[in-house]
Amino acid sequence: MDDSPLIRERIEKLAAWRADGIEPYPWSFPGRRPTSEARQRAERLGAGEADAGPPVRVAGRLRAVRVHGRTAFFDLEDAAGRLQLIVRSDEVGTDRFDGWVRRFDPGDLLGADGRPARSKRGELSLDVTELTLLAKAIAPPPEKFHGLQDAEERLRRRYVDLLASPDVRARFRLRARLERAMRAYFDDHDFLGVETPVLLPVASGAAAAPFLTHSNWLDETLQLRIALELPLKRLLVGGLERVYEVGPCFRNEDADTTHHPEFTMVEAYWAYADYHDMRGLIEGLFSRLAEVAADGAPPSSPAAQAAEAFRPPFRTIDFVEALEERSGLSSVPELSIEALRAEVARFDPSVPSDAPVGKLLDRLFAQYVEPTLDAPTFVVDHPLATTPLAKAHRSKPGRVERFELFYRRFELANAYTELNDPIEQERRFREQLSGRPDDRYAYDADFLEALRYGLPPSTGVGFGLDRIALAFTGAASIKDVILFPQVRRR
RNA sequence: GGGCCCGUAGCUCAGCUCGGUAGAGCAGGCGGCUCUUAACCGCAAGGUCAGGGGUUCGAAUCCCCUCGGGCCCGCCA
Numbered sequence: 302m303d304d305s306p307l308i309r310e311r312i313e314k315l316a317a318w319r320a321d322g323i324e325p326y327p328w329s330f331p332g333r334r335p336t337s338e339a340r341q342r343a344e345r346l347g348a349g350e351a352d353a354g355p356p357v358r359v360a361g362r363l364r365a366v367r368v369h370g371r372t373a374f375f376d377l378e379d380a381a382g383r384l385q386l387i388v389r390s391d392e393v394g395t396d397r398f399d400g401w402v403r404r405f406d407p408g409d410l411l412g413a414d415g416r417p418a419r420s421k422r423g424e425l426s427l428d429v430t431e432l433t434l435l436a437k438a439i440a441p442p443p444e445k446f447h448g449l450q451d452a453e454e455r456l457r458r459r460y461v462d463l464l465a466s467p468d469v470r471a472r473f474r475l476r477a478r479l480e481r482a483m484r485a486y487f488d489d490h491d492f493l494g495v496e497t498p499v500l501l502p503v504a505s506g507a508a509a510a511p512f513l514t515h516s517n518w519l520d521e522t523l524q525l526r527i528a529l530e531l532p533l534k535r536l537l538v539g540g541l542e543r544v545y546e547v548g549p550c551f552r553n554e555d556a557d558t559t560h561h562p563e564f565t566m567v568e569a570y571w572a573y574a575d576y577h578d579m580r581g582l583i584e585g586l587f588s589r590l591a592e593v594a595a596d597g598a599p600p601s602s603p604a605a606q607a608a609e610a611f612r613p614p615f616r617t618i619d620f621v622e623a624l625e626e627r628s629g630l631s632s633v634p635e636l637s638i639e640a641l642r643a644e645v646a647r648f649d650p651s652v653p654s655d656a657p658v659g660k661l662l663d664r665l666f667a668q669y670v671e672p673t674l675d676a677p678t679f680v681v682d683h684p685l686a687t688t689p690l691a692k693a694h695r696s697k698p699g700r701v702e703r704f705e706l707f708y709r710r711f712e713l714a715n716a717y718t719e720l721n722d723p724i725e726q727e728r729r730f731r732e733q734l735s736g737r738p739d740d741r742y743a744y745d746a747d748f749l750e751a752l753r754y755g756l757p758p759s760t761g762v763g764f765g766l767d768r769i770a771l772a773f774t775g776a777a778s779i780k781d782v783i784l785f786p787q788v789r790r791r
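Here our numbering is used: the first sequence runs in plain steps of one and ends on residue 791.
Calculated from the structure, these hints are not laboratory results.
Check before you lean on any hint, since a few could be wrong.
[Unchecked claim] DSS-like mimics (lysine-lysine), calculated; alpha carbons at most 27 Å apart, straight line: (1) K660 - K697; (2) K445 - K314; (3) K445 - K421.
Make a model of the complete structure from these sequences and hints.
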């Protein structure tokens with residue numbers, strides 16, 4: 302691992318520091334200020350001037366070194382940005398100058414003391430009086446101009462991707478800002494942030510393959526949750542009325558640009574409200590998130606475009622009407638399963654002969670309508686067959702009270718008026734159990750027991766935080782907004 | 001699961017079509033330069049061409065297999 306000549310050279314430099322009695326991994330660097338502070342003070346100066354005020358101390362990673370005879374320019378980068386250090390031999394002394402130039406390498410973490418200054422070319426700088434090695438990097442960083450480009454290495458060694466690319470750091474900062482704004486939005490609307498179990502005897506609330514693990518204590522197989530839905534609804538039964546949770550869920554399925562086996566789910570449940578109320582809440586949330594994303598972003602950026610697009614009210618289309626309009630089919634709700642299968646087979650000959658009605662309708666919608674859903678769009682009132690956990694529509698027979706929010710052709714959020722009839726819920730669970738094995742919802746007897754105590758009329762919503770980040774950062778793949786995505790072992 | 005593409009120095013990339021001693025830039029080494037900013041100039045060094053097998057006098061290059069990755073399709077609330 303450490304047999305590269307480049308690493309050996311750096312280890313030799315490290316030994317040289319120690320030989321001079323300087324610890325290359327010191328314990329602390331008190332009084333350090335962000336580089337932005339030095340830049341702000343330097344901004345007031347003319348080219349070639351130095352600030353006569355108190356000295357400033359900064360710390361960060363050495364990104365580039367330009368030695369120009371007896372003057373050297375170091376680019377130091379911290380979380381606040383980049384600062385040029387001007388190191389002059391006649392200021393710091395010949396011996397120290399030569400030692401620093403020889404022993405500091407790009408990638409090293411170092412501290413600097415000096416006076417804010419502007420170079421003769423006007424660059425915001427620090428006129429250095431002292432440099433301190435804070436941690437020697439013995440591995441060389443990626444090339445300074447292109448950074449780390451190899452897609453595989455960027456995922457496997459995210460720390461290198463991050464240290465080499467301010468853009469990548471900015472993307473994950475934006476993700477964190479979106480999460481914070483989202484929590485604040487729910488908090489401000491009197492939703493209670495809660496945490497429910499990740500480890501469960503049976504993962505339920507969605508149709509997805511779970512990951513399995515084992516409890517030594519219980520000597521039982523446990524499953525990692527695939528959704529947050531059922532525990533949160535239990536909390537409504539318990540009288541908490543408005544709850545939300547943000548946390549990881551796990552689905553033992555393939556990854557692609559919008560799916561990842563480990564992802565961050567957000568779900569919120571609201572008692573004494575229906576899906577119309579939820580649509581208003583979600584419209585407000587997403588327009589707020591888009592504003593947050595656009596704050597400080599350039600006008601043509603994906604975030605700025607999103608802020609423009611997510612201005613309420615969002616377009617609303619009826620599932621069946623949109624499908625009929627786009628596909629040319631008529632009376633879709635009356636079509637037999639044979640007719641639906643024949644329609645799907647026109648573009649997908651491999652459609653399984655036992656595909657249920659709900660799946661066929663989803664396929665048709667995905668084929669004809671989803672590709673047109675670039676702008677934020679609520680798709681409402683799905684056929685009952687596609688949605689087993691939602692409450693039947695109060696006025697449209699054969700439909701449920703549900704909406705999905707689409708943007709850039711993928712689903713961003715999914716909500717319904719919740720089914721709260723315990724008898725009906727049990728019937729639907731049993732119906733699912735008799736379906737295809739990979740299609741079933743896990744039967745959750747304790748949840749049915751909870752419903753018997755009375756779940757208020759309620760609405761709930763779920764969405765993937767990763768997809769929010771994907772939509773508002775303009776990233777190409779969900780892996781680009783997950784710090785450490787799953788990768789196959791080499 | 002199917003198709004297409006990629007893997008060459010620590011990093012960014014040429015070279016592969018048409019087989020003939022492995023190239024550049026950055027980073028690192030040595031030397032020069034007191035205001036550069038992808039600094040610049042000179043010298044020297046740096047390789048399991050992803051791995052394995054095959055064809056051939058000769059393979060980074062052609063063929064097959066394997067590993068890893070990307071894109072598209074399929075699957076997936």
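Quick rundown of the hints versus the structure:
no., hint, result
1, K660 - K697, "20 Å, holds"
2, K445 - K314, "21 Å, holds"
3, K445 - K421, "24 Å, holds"
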